[in-house]
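J.: Here is how the chains run, residue by residue.
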Amino acid sequence: MQIIKSFADFGLIIDILNKGGVVIYPTETLYGIGVDATNPEAVRKLTEYKNRPFGKPYSIAVTDKKMAEDYVELNPTASNLYDKFLPGPLTVISKGRHNVASGVESEDGTLGIRIPDYLKILELIKKFGKPITSTSANASYKKRPYKISDILENISDKQKALIDLIVDVGELPKNDPSTVVDTTLDDPVTLRQGEIKFSDRNEILSKSEEATQNLAKEIWQKYESHKGKRAIIFALQGEMGAGKTQFTKGLAKAMGIKELVTSPTFALENEYGQGKEKLFHFDAWRLENPNELSALGFENLIKNKSVISIEWAERVSSIVTEFDDEAIIIWVNLKFGKLENDRLISWGVTK
Amino acid sequence: MKILAIDTSCDETAAAVTEDVKVLSNIIWSQASAHAKFGGVMPSLAQRMHEERIDWVIERALKSSKTKIEDVYAIAVTIGPGLSIALGVGVNRAKEIAKKYNKKLIAVNHLEGHVLSPLANNQPLITNIKYPALGLVVSGKNTILVKIDQIGKYETLATTVDDALGEALDKAARMLGLGYPGGYIIEKFSRLGDPKKYHLPIPLSGQEARQIFSYSGIKTSMMRLVEKQKPLTKEKIYNLAAAFQDIAFEHLIRVVKFIVRNSKYQFHDFLIGGGVAANVQLRMRMRKLCREFNLKAHFPYSNKLYGDNAAMIGVAGHFKTKRQEFIVPDKIDRNPKTKL
Chain A
509 MQIIKSFADF
519 GLIIDILNKG
529 GVVIYPTETL
539 YGIGVDATNP
549 EAVRKLTEYK
559 NRPFGKPYSI
569 AVTDKKMAED
579 YVELNPTASN
589 LYDKFLPGPL
599 TVISKGRHNV
609 ASGVESEDGT
619 LGIRIPDYLK
629 ILELIKKFGK
639 PITSTSANAS
649 YKKRPYKISD
659 ILENISDKQK
669 ALIDLIVDVG
679 ELPKNDPSTV
689 VDTTLDDPVT
699 LRQGEIKFSD
709 RNEILSKSEE
719 ATQNLAKEIW
729 QKYESHKGKR
739 AIIFALQGEM
749 GAGKTQFTKG
759 LAKAMGIKEL
769 VTSPTFALEN
779 EYGQGKEKLF
789 HFDAWRLENP
799 NELSALGFEN
809 LIKNKSVISI
819 EWAERVSSIV
829 TEFDDEAIII
839 WVNLKFGKLE
849 NDRLISWGVT
859 K
Chain B
19 MKILAIDTSC
29 DETAAAVTED
39 VKVLSNIIWS
49 QASAHAKFGG
59 VMPSLAQRMH
69 EERIDWVIER
79 ALKSSKTKIE
89 DVYAIAVTIG
99 PGLSIALGVG
109 VNRAKEIAKK
119 YNKKLIAVNH
129 LEGHVLSPLA
139 NNQPLITNIK
149 YPALGLVVSG
159 KNTILVKIDQ
169 IGKYETLATT
179 VDDALGEALD
189 KAARMLGLGY
199 PGGYIIEKFS
209 RLGDPKKYHL
219 PIPLSGQEAR
229 QIFSYSGIKT
239 SMMRLVEKQK
249 PLTKEKIYNL
259 AAAFQDIAFE
269 HLIRVVKFIV
279 RNSKYQFHDF
289 LIGGGVAANV
299 QLRMRMRKLC
309 REFNLKAHFP
319 YSNKLYGDNA
329 AMIGVAGHFK
339 TKRQEFIVPD
349 KIDRNPKTKL
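Taken in sequence, the protein lines are chains A and B.
Residue numbering for the first sequence follows my numbering, beginning at 509 and increasing consecutively.
Residue numbering for the second sequence follows my numbering, beginning at 19 and increasing consecutively.
In short, the hints are calculated from the structure, not lab data.
Among the clues, some could well be false.
To be verified - For the chain A half of the interface with chain B, some residues (derived, Cβ under 8 Å), not all of them:
1. L589
2. L673
3. H734
4. Q754
5. T773
6. A775
7. A803
What the hints assert, rightly or not - Mimicking DSS-like on lysine-lysine, the simulated pairs with C-alpha atoms at most 27 Å apart in a straight line are:
8. B:K314 / B:K40
9. B:K355 / A:K592
10. A:K553 / A:K638
11. B:K357 / A:K592
12. A:K592 / B:K206
13. B:K215 / A:K846
14. A:K761 / B:K322
15. A:K527 / A:K574
16. B:K355 / A:K766
17. B:K248 / A:K574
18. A:K682 / B:K322
19. B:K314 / A:K846
Stated by the list, open to error - Okay, the calculated beta carbon distance ranges per label pair:
20. B:E253 / A:Y731: 47 to 57 Å
21. A:Q782 / B:K171: 20 to 30 Å
22. A:K527 / B:K349: 56 to 66 Å
23. A:E732 / B:E253: 23 to 33 Å
24. A:K650 / B:A227: 47 to 57 Å
Since the model is a prediction, treat every value here as computed from it, not as a measurement.
Idealized CB from N, CA, C, for every residue including glycine.
Whenever a hint applies, use it, and build me the whole structure from the sequences.
T.: See below:
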């Protein structure tokens, strides 16, 4: 292990990185530990040092947005974050392009990228020409490293032997570690509206949450007679705050369900009522792929002729439309109107 | 008596070893990367990940507390509320271990774990707590205020009728184009902004007597405000984040205040847990409220006790052990809808 006190000798650092070596370096937050993120051998060595099982991803440090785009796909949310907040203490997770060593991206292929607000590191990466890993230099579950002794006092001799170089610039100011932001959920949904053919179509203007609930009640009364004969799916589409949960509240009330209906965003699925009067309430927002609806037992619910409400149905429309024989599907679009509480609600049915 | 506790209620695979209310180890493996724990989930993958990791997490919890499985008195496991297929992984593993090693088994409600999380490593509080006490859980999934008649006996005083507080913060972050975990980013950015730069209406202002929390209205107002302010600059984002957080907390405080002020009970202790309780600004405001009503505010002793974790399940399990509330392994089942 070599210790140097400054970045004066870039050549030495780059040489070590090129050989697959492990380098501890300062950033604007903590001491980080870097290896060539494209070198599988180096990443394995890092994983051994961090003492964590293979499969936990590493974020990487790059010089700028342009370099980031060689390694990830930037969606508008990510692009916005890069423009406004980087370089800075923010790690932005995007869909990876699989141009790094295995074990760096997460199991589902996402990758966290950071542009440290630390000039010397940016210069180093520029000269090196490849991204380096950007994880804190402590072993897993150990103290946050603001000075080199924080690291060395908490690791084994075996771990010490894995470090090739330390750039020790003294104690760093006690800034928080970088904030990790996942942008992959905000990938724009390609709603193939063409596939959904409304056999009839209606539109009303709702002026309040109560009116939205009442509309649900009216629509329910129209299709209630199918209950028990076929599954009934309310496929709700609309932006955040458009009233999808309000609509479902009205639906539950109309069905005679007294339980409190709340947003299923985090639970993914809520179930209300008893016996034959049951309502299954899904939220597809957090689902990364339509097939995931099956993992939640969607097919069985259709088979059992259940009543189902799905928020963010556009995210799973490919699965929902598969059941247009077995189920009555009522597509409901909720849009913001001119005034604060105005909502334009349209609906149509595929039979 | 040592308890091995397991929680797989959502995205985290967690195991802990506790002894009475002492936390000996508390291992949490977040499925999303480091802090991005409210990111997207794939239920099938979530289940597989829990399955792949649970043994490792349990082993690690035992090892870092220097405990042999033989020396554990009981296994405590979360049965709900949570994501059904995720819960199943923890419940099944707990069942297997209990059978294999002939251990007692305890079914724990995740929410009770959060309510009791301030009791971890806090023997003085257990000795001195006066009942009824108040309990508040604020997280991505729950916003609930309860009366604690005694440990194990709770009455709901107020709950959210739409979004949970943490969920509302996440959604505000999304409106600002900030990604996940929104609550955490909103907290960071709020510190850099001025909450008074923008006006957002306080939800259900003047209707505190309804004893409900609601975040659907403020979501709409925020959406409108953000649209009006576009294009957003860094400063605008900081100020909007600060304004939203301020009003979201103000609503919570007002409802809690109303209930405390109008309750026929004289409360002394207030236990506060859940992921959003880790927010420094919220803790400050809850402390202020407590001072005003001569209440003692109690928070978990460690950051790892706020979000989902198994140590709190061990603590809840400890009190169930004292009450001999065990369950036969063949009878235990997940219950995603279980209530407090």
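J.: Could you run down the list of hints and mark each one as holding or not?
T.: Comparing the hints with the structure gives:
Hint status for L589 of chain A: holds, given a least beta-carbon distance of 7 Å to chain B, under 8 Å. The interface hint given for L673 of chain A is violated, since its Cβ lies 25 Å from the closest Cβ of chain B, which is over the 8 Å cut-off. The criterion of a C-beta within 8 Å of any C-beta in chain B is not met by H734 of chain A, whose closest approach is roughly 26 Å, and the hint is violated. A least Cβ separation of about 7 Å between Q754 of chain A and chain B falls short of the 8 Å threshold, and the interface hint therefore holds.
The criterion of a C-beta within 8 Å of any C-beta in chain B is met by T773 of chain A, whose closest approach is roughly 6 Å, and the hint holds. With a least beta-carbon distance of about 6 Å to chain B, the hint placing A775 of chain A at the interface is held under the 8 Å criterion. Using the Cβ-Cβ criterion of 8 Å, the hint placing A803 of chain A at the interface with chain B is satisfied: the shortest such distance is roughly 4 Å. A hinted pair counts as satisfied when its Cα atoms are at most 27 Å apart, and K314 of chain B with K40 of chain B qualifies at roughly 21 Å.
Note on K355 of chain B and K592 of chain A: the hinted pairing is violated, with a Cα-Cα distance of about 42 Å set against a maximum of 27 Å. Restraint check for K553 of chain A and K638 of chain A: the C-alpha separation of about 18 Å stays at or below 27 Å, so the hint holds. In summary, the hint linking K357 of chain B to K592 of chain A is not supported, as the alpha carbons are separated by about 43 Å, beyond the 27 Å threshold. A distance of roughly 15 Å separates the Cα atoms of K592 of chain A and K206 of chain B; the hinted pair therefore holds under the 27 Å criterion.
Simply put, K215 of chain B and K846 of chain A have alpha-carbon atoms about 24 Å apart, close enough for the 27 Å limit, and the pair holds. About 40 Å separates the Cα atoms of K761 of chain A and K322 of chain B, which puts this hinted pair outside 27 Å; it is violated. Between the alpha carbons of K527 of chain A and K574 of chain A the distance comes to roughly 26 Å, so the proposed pair stays at or under 27 Å and holds. Between K355 of chain B and K766 of chain A the CA atoms are separated by roughly 15 Å; this keeps the pair inside 27 Å, and the hint holds.
Annotation: proposed proximity of K248 of chain B to K574 of chain A holds, straight-line Cα distance about 25 Å (limit 27 Å). Distance check on the hinted pair: K682 of chain A and K322 of chain B sit about 20 Å apart at the alpha-carbon level, within 27 Å; holds. Between K314 of chain B and K846 of chain A the alpha-carbon distance is near 47 Å, which puts this suggested pair outside the 27 Å criterion. The hint said 47 to 57 Å for the Cβ distance between E253 of chain B and Y731 of chain A, and at roughly 50 Å that hint holds.
Against the hinted window of 20 to 30 Å, the Cβ-Cβ separation of Q782 of chain A and K171 of chain B comes to about 25 Å, which satisfies the hint. Between K527 of chain A and K349 of chain B, the C-beta spacing of about 59 Å keeps the proposed range 56 to 66 Å intact. The hinted range of 23 to 33 Å is not satisfied by E732 of chain A and E253 of chain B, whose Cβ atoms lie roughly 52 Å apart. Against the hinted window of 47 to 57 Å, the Cβ-Cβ separation of K650 of chain A and A227 of chain B comes to about 50 Å, which satisfies the hint.
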